[in-house]
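S.K.: As a plain string of letters, each chain reads:
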Amino acid sequence: MKQMTNIKQANKRLVRNLFIVAVAMFGFGYLLAPMYDVICKVTGLNGKTGRIEATQAAAGKVDKSRVVTVEFTGNANSGLPWEFRPLTKQLSLHPGETAEVKYYVRNLASENITGQAIPSVTPGDSAGHFKKIECFCFTQQMLKPGEAREMPVKFYVDADLDKDIKTITLSYAFFNTDTALAKKYGGAAIAQTENHADHAAHSHPASGS
Amino acid sequence: MTTATAHHDEHHPSGISRWLMTTNHKDIGTLYLLFSLLMFFVGGSMALVIRAELFQPGLQIVTPHFFNQMTTMHALVMIFGVVMPAFVGFANWQIPMMIGAPDMALPRMNNWSFWILPFAFTLLLSTLFLQSQGGAPAGGWTLYPPLSVQGGIGTDFAILSIHMMGISSVLGAINVIATILNMRAPGMTLMKMPLFVWTWLITAYLLLAVMPVLAGAVTMLLTDRHFGTHFFNAAGGGDPVLFQHVFWFFGHPEVYILILPAFGLASQIIPTFARKPLFGYASMVYATASIAFLSFIVWAHHMFTVGLPLAGELFFMYATMLIAVPTGVKVFNWLSTMWRGSMTFETPMLFAIAFVFLFTIGGLSGLMLAIVPADFQYQDTYFVVAHFHYVLVSGAVFAILGGAYYWLPKWTGHMYSETLGKWHFWLSAIGFNLAFFPQHFLGLAGMPRRIPDYALQFTEFNQWSTVGAFILGFAQLIFVFLVIQTIRGGKKATSQVWEGAEGLEWTLTSPPPYHSFAVAPKIK
Numbered sequence: 001m002k003q004m005t006n007i008k009q010a011n012k013r014l015v016r017n018l019f020i021v022a023v024a025m026f027g028f029g030y031l032l033a034p035m036y037d038v039i040c041k042v043t044g045l046n047g048k049t050g051r052i053e054a055t056q057a058a059a060g061k062v063d064k065s066r067v068v069t070v071e072f073t074g075n076a077n078s079g080l081p082w083e084f085r086p087l088t089k090q091l092s093l094h095p096g097e098t099a100e101v102k103y104y105v106r107n108l109a110s111e112n113i114t115g116q117a118i119p120s121v122t123p124g125d126s127a128g129h130f131k132k133i134e135c136f137c138f139t140q141q142m143l144k145p146g147e148a149r150e151m152p153v154k155f156y157v158d159a160d161l162d163k164d165i166k167t168i169t170l171s172y173a174f175f176n177t178d179t180a181l182a183k184k185y186g187g188a189a190i191a192q193t194e195n196h197a198d199h200a201a202h203s204h205p206a207s208g209s
Numbered sequence: 001m002t003t004a005t006a007h008h009d010e011h012h013p014s015g016i017s018r019w020l021m022t023t024n025h026k027d028i029g030t031l032y033l034l035f036s037l038l039m040f041f042v043g044g045s046m047a048l049v050i051r052a053e054l055f056q057p058g059l060q061i062v063t064p065h066f067f068n069q070m071t072t073m074h075a076l077v078m079i080f081g082v083v084m085p086a087f088v089g090f091a092n093w094q095i096p097m098m099i100g101a102p103d104m105a106l107p108r109m110n111n112w113s114f115w116i117l118p119f120a121f122t123l124l125l126s127t128l129f130l131q132s133q134g135g136a137p138a139g140g141w142t143l144y145p146p147l148s149v150q151g152g153i154g155t156d157f158a159i160l161s162i163h164m165m166g167i168s169s170v171l172g173a174i175n176v177i178a179t180i181l182n183m184r185a186p187g188m189t190l191m192k193m194p195l196f197v198w199t200w201l202i203t204a205y206l207l208l209a210v211m212p213v214l215a216g217a218v219t220m221l222l223t224d225r226h227f228g229t230h231f232f233n234a235a236g237g238g239d240p241v242l243f244q245h246v247f248w249f250f251g252h253p254e255v256y257i258l259i260l261p262a263f264g265l266a267s268q269i270i271p272t273f274a275r276k277p278l279f280g281y282a283s284m285v286y287a288t289a290s291i292a293f294l295s296f297i298v299w300a301h302h303m304f305t306v307g308l309p310l311a312g313e314l315f316f317m318y319a320t321m322l323i324a325v326p327t328g329v330k331v332f333n334w335l336s337t338m339w340r341g342s343m344t345f346e347t348p349m350l351f352a353i354a355f356v357f358l359f360t361i362g363g364l365s366g367l368m369l370a371i372v373p374a375d376f377q378y379q380d381t382y383f384v385v386a387h388f389h390y391v392l393v394s395g396a397v398f399a400i401l402g403g404a405y406y407w408l409p410k411w412t413g414h415m416y417s418e419t420l421g422k423w424h425f426w427l428s429a430i431g432f433n434l435a436f437f438p439q440h441f442l443g444l445a446g447m448p449r450r451i452p453d454y455a456l457q458f459t460e461f462n463q464w465s466t467v468g469a470f471i472l473g474f475a476q477l478i479f480v481f482l483v484i485q486t487i488r489g490g491k492k493a494t495s496q497v498w499e500g501a502e503g504l505e506w507t508l509t510s511p512p513p514y515h516s517f518a519v520a521p522k523i524k
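Chains as they are written, first to last, in this note's numbering: chain A, 1 to 209; chain L, 1 to 524.
Okay, chain L solo, but in the shape it has when bound:
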């Protein structure tokens, strides 16, 4: 993605110091995306350890304690190390180009927010090598007490690395807000901004509001562990359920932090390949804002079984179901954009369509989970696991892959191999559904999550799931090969790249100059 520089008359340090000291939004975007890709394989390997263990009932490959470390670390790495950095990478590359700005508003802070991440994850992943001290955190990524208060030194490492990730995210969010509010080219009014920029603006506000709450929650854990406070310790007058409230006050908006930029990506890709403007632009903006608002008043639906009063259960149930309305508006708009469009099915479009289809399945299982009496049955089963992988893998990750294919020719200046892209898509789509669709049935039949063993009657579905997970996992190697191949060469990409593409970034050359829009473009 960096070979671009040779063609342009611009000066920047070369070699390692270019990457360490860069303040260029394109370089930092590249760093974020590569970091995310690396973590994708780290987190993915952990998932495959989990699936390998679950191929058969009984314990065969890893100990239960290590299995618990895998489930915990897989979630932490995938959420904080893959999906969030990937979106920040897209934001860095695309937002300045899409709003006609020369760079991000705060380029030096931008460098800092990226370079915190490798240290945070070194700290987190190093716990895997501390097995004699109890190893990595193993109480689930939600870090519920009492397990997180009792856990070994790995929990402390995780808490400090979450602090670092939080600082990185908050700095990144501030930068995105400042860029969007202050750096738009003249004439780029808010309601003319591409939808990806809109979804990121709202996401940045969510980050700013809830990452500090997570930092507070884990700080309380840390002081409970070492400094004699009793926020969550029943013996000292605290209450473990309090942690769940504080955590999910962060956790539910976090879910939308992980999906709103994906909505933005789909809203860029679908109009391009349907060759029609996005249907219902304004309603998309309002729907995104409504989802963000609602995300703050639904947190207790993650904890229906802790013994909430009936009035609380009803409130959180109805508030949760209300989210289906703006989400439905979005799905309707994507479908209407495709309706009677001149559609073609290049790889980005395939990922975007799969996103709409599979994310909707995940949304529907979410509605099932929102029903209080049903949730008492589904709580902590594989049904929940199936639900959130449908929204996070076929939702967030598929949108990210679609976005990567969509802009890869713009970033590198070369067209990728459509054949390899299609192989990657179809293997991912088939592997994903094979891995996660049977988990709905396992959950409904009562298989609990986060347990390394299961009853014999669950064997067949688990074996399908494991086979699917390995197909999904190894298919991602095609993507790595394709990205390297595209960076190194290939058919030259035009400025517009896609016939139906519209927007400021497509007016720049492919690859774009190292410093773009030094003079603000004219907006029609």
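Only chain A is shown next, with the shape it has when bound in the complex:
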């Protein structure tokens, strides 16, 4: 009988500990999200790019000994009735040199739509060295029916870029941000306001600028 109560107590203790493990692992699942962001920031894994002020950009040194090709691409997310493309397909520049290109966007719908462009750079190793000084992705773009716009991107590739990387691709995806229009144009879960507060708060935002 004494042995039975011993087993009961041992079971109780063990079950409590195992239950704590299960709860901790649930938390660990969530912890993977910030860990992933940190790893991406360090490695450039998911192609999220750096942002920098114009004054800092001018201070960087230019590496005249080599040339990097930058390719541009972009698409409107499925459901968003916008025509969106780069006006320059590609250009070559020295690392450290500042360049500016333009993207073209036109609203094909018959109502106002607000969109947000999310950039991505490949290969991932180059993302941390691709610095944007000015970009239409820093703010939301509101387009009236039929309105067209040319939007600038001013950037440089810093001289620390790996010597083996000869070509970098910058791509943008435009998303609808208007929750009221989400059914029609996609992007249902996007609540824009807090994102953009987030963008402004960091000079090196992890999220999409």
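Check the hints yourself; a few may be wrong.
[As the list claims (entries may be wrong)] Pairs of lysine to any residue, SDA-like flavour, derived with a Cα cap of 25 Å:
| # | chain 1 | residue 1 | chain 2 | residue 2 |
| --- | --- | --- | --- | --- |
| 1 | A | Lys-183 | L | Met-21 |
| 2 | L | Lys-192 | L | Ala-518 |
| 3 | A | Lys-89 | A | Asp-162 |
| 4 | A | Lys-12 | L | Leu-181 |
| 5 | A | Lys-183 | L | Leu-181 |
| 6 | A | Lys-12 | L | Gln-150 |
[Claimed, not checked] Looking from chain L toward chain A, a few residues come up when the C-beta cut is under 7 Å (computed):
| # | residue |
| --- | --- |
| 7 | Ala-178 |
| 8 | Ala-209 |
| 9 | Phe-231 |
| 10 | Leu-242 |
| 11 | Val-246 |
| 12 | Leu-477 |
| 13 | Ile-478 |
| 14 | Val-480 |
[Unchecked claim] Going by beta-carbon spacing under 8 Å, a handful of chain L positions derived as facing chain A:
| # | residue |
| --- | --- |
| 15 | Ala-185 |
| 16 | Phe-249 |
| 17 | Thr-305 |
What the hints contain is simulated information worked out from the structure, not anything from laboratory work.
The C-beta atom is built at its ideal place from N, Cα and C for all residues, glycine as well.
Could you slot chain L onto chain A? The hints should help.
M.R.: Just chain L now, kept in the frame of chain A:
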């Protein structure tokens, strides 16, 4: 399986309340196994819808959207509704009898972990009747965003049912660990435990570690869908690839959750019919533990094509290939157990040998998939489909069927019909290989998975595959008939049942008393 009770002097409620309120490990084991068998036919019917559609190129039987629902639901039902509950059923029936315990450590929790399941699957399967709302989840069982964020109400049902299955699995795992660690008969040291018990102990720890991670991943999906979070939404600063990392952090250990108990079953069956003790018992235990450890550091091999850095691809490639070493140890030990044994080929042994042979084929195609540059070619083709059906159907399911034949006489007290068993085995083995072997070639030739249509040159292999799948599917009706027949009567089984069987469960009568080992047995 329940007629046993009449012969024994034990009291329990009868009728429906016996099953609803039971805390008996044998009753709950039976419930799990019957539930699994029922789901086997539900998931199997979905597979046959898929194969019927793929009999010819073009669209003839179902719409592409319904086809996608079938591929998604087939996987969810087979993984969470068939293989996992079947293993828990075996654990319930066998672990207490194998370690000399009177019951599971937590009998009431045991009842609860089973009865969550029918509700979870009612919720999941009800989505099939919501076709006007978008129907069942259709973005693949892996629930990748953005599809799973955009999907209809069916995705929400699936997420909540996954939560319920997760709770059921975690409770079951806690129960198994507590039973094995605290309830062993005196003298049953850890290294004397039957291998099935060992593999389940390790599996239970895997379940405990990763089911909550899956619950976390689907909760993030749910809040992304409805509560304005942006874990996986690029537009909000999230990243869909993050989901793949979290999912496969669960998903790869899950693969071993589905196969380690099968290793345990094979390690019980093969020594019995080879009439030799298991070769390399200790190395089997260490190999199982190594596989479990390695399963946590290989997850990204499911996502070689998402754009990982080279160093990451190399790490995950080598870590994955390393798993072949402990797995090779196991296959070597099974073969060595059979070597110069006095083998006989009753149905359980046939399934066990087919398991060793066909699982090894699946393991080898897994090694091919582990090679990064090759995987870029194989990713999302029928080669992957062939690979995981070789490890899951001829691996997990064949081991489960072998285990069912092995212990059916013990559970029911009657011998099953060996003739019907052999018919079931050979039709399953032939149907299975006809269904899945050609899929290797389809995949290598470039046929993508999860697509209801295909290019004309793939027609012939697909037709073989469909014929094989229907043979495999209908052969399972023989099994149902055989199980019912064995429960209702047949030649009386002896206590030992099989000439070469060793272990505590064979010292009990067939069927065993409702409460066994109320007094702990002596362990030699």
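S.K.: Next, verify each hint and record whether it holds.
M.R.: Taking the hints in turn, this is what the structure says about them:
1. A:Lys-183 - L:Met-21: violated (47 Å)
2. L:Lys-192 - L:Ala-518: Holds - the C-alpha atoms of Ala-518 (chain L) and Lys-192 (chain L) are around 21 Å apart, at most 25 Å.
3. A:Lys-89 - A:Asp-162: Answer holds: Lys-89 (chain A) to Asp-162 (chain A) is near 23 Å, not above 25 Å.
4. A:Lys-12 - L:Leu-181: The given pair, whose Cα atoms are some 12 Å apart, holds under the 25 Å limit.
5. A:Lys-183 - L:Leu-181: violated (54 Å)
6. A:Lys-12 - L:Gln-150: violated (43 Å)
7. Ala-178: Constraint on Ala-178 (chain L) satisfied, holds at 5 Å.
8. Ala-209: Nearest chain A Cβ about 5 Å off; hint holds.
9. Phe-231: holds (6 Å)
10. Leu-242: holds (5 Å)
11. Val-246: holds (5 Å)
12. Leu-477: violated (39 Å)
13. Ile-478: violated (40 Å)
14. Val-480: Val-480 (chain L) check fails; min Cβ-Cβ to chain A is 35 Å, beyond 7 Å.
15. Ala-185: violated (12 Å)
16. Phe-249: holds (7 Å)
17. Thr-305: With a minimum Cβ separation of about 13 Å from chain A (threshold 8 Å), the hint on Thr-305 (chain L) is violated.
Checked against the numbered hints listed earlier, the structure breaks hints 1, 5, 6, 12, 13, 14, 15 and 17; every other hint is satisfied.
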